[in-house]
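*Asks:* Bring the two chains, given one by one in their own frames, into a single complex with the hints.
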Amino acid sequence: MDAGPIARSVDWLRTNLFSSWGNTILTLICLTIVWYVIVGFVDWAIFSAVFAGSDGSACNKPDAGACWPFVTHKLGLFMYGRYPDPERWRINLTYVLALAGLVPLMIPRVPGKLWLSIYLLTVFPIIGFILVRGGVFWLPHIPTELWGGLFLTLVVASVGIVASFPIGILLALGRRSELPIVRWACIGFIEVVRGVPLVTVLFMASVMLPLFLPPDVTFDKLLRALIGVALFSAAYMAEVIRGGLQAIPRGQYEAADALGLSYGQKMAFIVLPQALKLVIPGIVNSFIALFKDTSLVLIIGLFDLLGIVQQSISSDAKWFSPQTAATGYFFAGLIFWIFCFSMSRYSAFLERRLAGGERQ
Amino acid sequence: MASTRNGSPQETQSFAWLYDPRTRGIILQIALLVGVAAFFIEIGLNTAANLNAQNIATGFGFLDRTAGFDISQTLVPYKSTSTYGQVFWVGLTNTLLVAVIGIVLATVFGFVIGLARLSSNWLVARLGTVYVETIRNVPLLLQLLAWYFTLLIALPSPDAALELPLGVGVTNRGLYLPAPVWEPGLGAVLIAALAGIAGAVAIGIWARRKRLATGEQVPAFWYGLAVVVMPALVVFLSLGAPISFEYPTPGRFNLDGGIVLLPELMALLLGLTLYTAAFIAEIVRSGIEAVPRGQKEAAAALGLHPWQVQRLVVIPQAMRVIIPPLTNQYLNLTKNSSLAVAIGYPDLVSVFAGTVLNQTNQAVEVILITMGVYLAISLLTALLMNWFNARMALVER
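Taken in sequence, the protein lines are chains Z and G. For the first sequence, our numbering assigns the number 1 to the initial residue and increments by one for each residue that follows. For the second sequence, our numbering assigns the number 1 to the initial residue and increments by one for each residue that follows.
Wrong hints could be hidden among the right ones.
Under 7 Å between C-beta atoms, here's a sample of chain Z residues computed to sit facing chain G [to be verified]: (1) L17; (2) S20; (3) N23; (4) I299.
Label-pair restraints from in silico Cβ distances [said to hold, decoys possible]: (5) Z:P273 x G:A154: 46 to 56 Å; (6) G:R311 x Z:P125: 21 to 31 Å; (7) Z:I25 x G:A301: 29 to 39 Å; (8) Z:R352 x G:P324: 22 to 32 Å; (9) Z:Q252 x G:A198: 54 to 64 Å.
Honestly, the hints are just simulated from the structure, not real lab data. Here a beta-carbon is modelled for each residue, glycine too, at the ideal position from N, C-alpha and C.
One chain only, chain G, in its complex shape (with noise of 0.2 Å):
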């Protein structure tokens, strides 16, 4: 710092360092780090005394007691007799189920709209974008009341369920599939499958391999394909079909036997799907038309057949722009599916961060659990996407 014409030399320099970027930024994140220590303290001495003065518990202890209720949708073991901490592991499946299923509905859904509004067809065309610009315009709060509303009163009661074909029944109390019932020799099926996955994947190697050191093709997906279904067919039938099926019986208030979907799970992963396949149709449709026409146009004057331009040229590089956001919307699905409170779906929100904190009244402890399993999940998710990225990346240049 030049020296001011009043102050001696000396003077000024003891105050120069007030002017050093480096001295005013260190200065600036003491102030942070104090000022969001003090706030923290702050809070946690008011919630301390909160807490105190109203007579609740602190700490994890409550996930051992008994949480005393019944719970519609049970993916691992569970009675009204079982702790609050299999409470939580109860949700964490059942948002999870939903969260799977409905990230493959979305995805297979949102393509054929997508493509369906690449479409050379104008009326397909035109539908795609109705679809898509009505159902991303609505809230999907408001979409899963209204699919939650239209399930219950157009499904019939159970004394008039709907038989379909296969030992399907629907009433409005679930839709209802037939168990598959595990019997002795079915491990055998499953090890013949795992073996022929195996061998699927090593056909898939060595016939790359070939490809390219002699540029001869071979139809890999066929044989893969072959390798995996005949040995376990053939083990299956040998063993005299070792599989058998419980069917939903009309009990006394009810269907009774056989796997059941809610009608909230039916509800939750038709508006889930539905509403997610729009913004996933958007992806793709902006996705394939970010490749350049030029790389089409090349690759047919290359000779390649129209479906060999779409397979081998146009989707690896429209992939690359969709995933990303792609990722993004399987993430919004899984948050999205907390919305299942509204209907009544037993997932993570709806029976840890509501009953369990309606019971236990401790709502810091479930709180950040619950916030800390959705946070896991999309950390765990940006790692993968990075991960891939960076590899993707790797092959374009």
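Chain Z with its partners taken away, still in its complex shape (with noise of 0.2 Å):
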């Protein structure tokens, strides 16, 4: 085997690419497509796009590619909605806060991951709170219509997802009871939740909720869609925590009766800590789904950053070219792209993590 590097390269790609006549021609198709997309993405990105101007009329050309000055001009209403721009450093403040959690908490290595999630799951969210919403101290009150892009969209996300966890634990602990009306109850939420539409979930909290309440309680639109959004992930939740819960040997269940547990010991204390354990990539996933969902927002008036991308493209007259679109959506696209394919690597080094660690 001792090729040169020409020989070796030839080799591999008389096996992998030219094997037989069939693969071959496959090969040339999929060159020449690969080509014509790629040629036809860097000139559309690159060298026909418009890169300067003030507005939708310096990209009104006929061959023009895409409409960068529609990205960089909106950004900031992109990134942070209508949230006033003398405050934006609030929220900047929250993603670093949120970050001083998190990162550490994400890499395997790093200690004290209790204390982390204590702190993202108690102290950030109430410091959070205050921060972006204001009201108290000298931080003037941003009302929640003014939250948008990239920001609401988080705020949806994070907050579903760390809403739906708790009571997804419930609803997996009372679909496995032996009690028989908790376990009946607890299967016709799950099933009922999972066999909708998010849609009109979403649309049930907007219109629904408001009657449902006393009529001197108002409700503010994003706390309905967030609650939509939390009972509806729960329901996906719990049947990921339910998968822990059956992954869990039996004798655990047994030994911790063994040694008289009460029901909430032995789930808090030996169950529970193992489960979540196994159940964290598909926490993840359950996660980039709900990332994904929150563009599911829109449809009921929030502007999220679908939304607001929307809202430019069809209401911003200013902005009016045939590329505008495009553009936009592009951005937007790769933004939840870069979003959604981070986290799912990371859910897959998990589980790779998780796999060796009980080889060993």
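*Replies:* This is the structure in structure tokens:
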């Protein structure tokens, strides 16, 4: 096996791309497609693209490519919504506080996971809420109607996942309970919610929730959407957690019983710590699904990243041009893709790690 | 329970029931029942009070009232003078249309991509991966909006309609197909075709019995195909081809006649198909990879042709892994078709939970009906799947 690098690459090409007549034709067809896609894309995004200009007229040329000024001029809007400009540092500070807890939590080697989780689930939400909403100390109050863009997407997705977590645990435990009424109540909730589209749940949250409450109670639109999203994702979370509960060997449950632990102690100290660790990749996957699903809040009139891009495309006359929409959608898609793709890589990494841990 | 040191046995016994898990269970469940009931009563009373205050009617009487709006695509007879009840059927059939076509297309395309990812051709496998990782990580709603917009931009306006062969016309108002017109005599062709299908099934059963009894292979597929096609074709030709087509012709503002596929429908189908296909591809790939290598090697060692190895050994075993998550994807596609509301395709959510709700304000009834439909579809599929799984499991053991 003493072939030079050229001989080796020729060999690789022959086995992987040109092993037979059929494969050769397939390879050539694919190469043509790849070539056209790449050339077309690079031309659209760079060579024919418009990079300067202060409104849509700059992009209003017949063969123009992407209209980048649309994105650069509206970047603040896309990221923060109509959150007032001088107050945006508060959102950035919240991001920093979140990352301070999240980054060490995501690196397996860093110790103190319990404290980090407690910080993220108790201290951080309170500080973050006060920071972005304001209305206390010297911070001016920013009503939620002004929240928007990527910030709102992150708020909806993270509140949804965090709130759905305890509900999901309760539902999962209830579904495996020996008490028939508890079990059937949980099965009923889970299956009903999983059987209907999120759009109808959001409709229900936005139209029916106000009807359910006493007439004098009014509800913020964002809060209604959050309730809908949290209940919806709780049902999916419950199924993920149930998978983990089922994976815990029966002996663990029996040993806990034999030690005389109560049901609460058994679950809190023996079963759940093991089960939740198993389902972390599944939770990350639910988070990805939820992150993508948050875009549906535009249907009930909230302006998340997609909502605000869509609104800028369809109703900002200043930026009308043939390429405005394509550029806007591409930008929003890219942001979503970066988030979801990196999370899915992380989930795959965790899965490999878990599988490795089991083999040892 | 053992008696405590200080209490007399009687006293302990009178509290012992408190520590009995069964009693505790019953108390807990009664508490849950009461809680849930109280919750629903509270909601019900509040809702009744709110509806009363806002002067909104209750009950399902609104279904008989006149709708008064037009719908761009109707598969069942509908006029603007029809009732809200008929709007419901229009929406439901439109949803089912998208779901059925979408499921067929997504399955075909998903299998192609899934097999591509397993291809020995490096480039093909990589392209499959790139496709899956790109599509899966972008929200479906964004893809739908982008497709809708692209179609509206890319397709020609009605006065510059693109004419394709076979009388197919394309404009940004839709894809115009020739509509088949039923003429007398076509019924006979249909009957011949049905008889042919029955014959093909019989041949299949006979071939299977013969194979099990004697081991002799019969090309049942080709016989069956001949039995289905030949009689129908003979009847069709002997009656002088009793079918004609109504071709779309350029009208004043638009193409007239024929079958129209709305751009909204095309965008929805394109988006749903491409999105769901990415998930189906992953299911197909993991299903085929789940078949142990030894199975293929053993089949090859028995002298089966590579094609037979796939058809008789790998695919039947892979299908057992593939079908449950595949059904889930079908349900997801059906539920996701409700995103039609964002691009204005008249599906159930769009016309019923959207327009009808806005006109009547009867949110509770409308949302309950809408959710009930999706729930019924899901439960029906779940029942079917349980039955199917039970059958598969029996075959296995």
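*Asks:* Please go over all the hints and tell whether each is borne out by the structure.
*Replies:* Do the hints match the structure? See the list:
1. Look at Z:L17: its Cβ gets to within about 6 Å of chain G, closer than 7 Å, so that hint holds up.
2. Hint status for Z:S20 relative to chain G: violated, with the closest Cβ pair at about 9 Å, above 7 Å.
3. The interface hint given for Z:N23 holds, since its Cβ lies 5 Å from the closest Cβ of chain G, which is under the 7 Å cut-off.
4. Interface hint status for Z:I299: upheld, as the beta-carbon distance to the closest one in chain G is roughly 6 Å, under 7 Å.
5. With their beta carbons about 55 Å apart, Z:P273 and G:A154 fall inside the hinted range of 46 to 56 Å.
6. The hinted window of 21 to 31 Å between G:R311 and Z:P125 is violated, with their beta carbons roughly 56 Å apart.
7. At about 31 Å, the CB distance of Z:I25 to G:A301 agrees with the hint of 29 to 39 Å.
8. Our hint of 22 to 32 Å for Z:R352 and G:P324 holds, since their Cβ atoms are close to 24 Å apart.
9. Range check, Z:Q252 to G:A198: Cβ separation about 57 Å, and the 54 to 64 Å hint holds.
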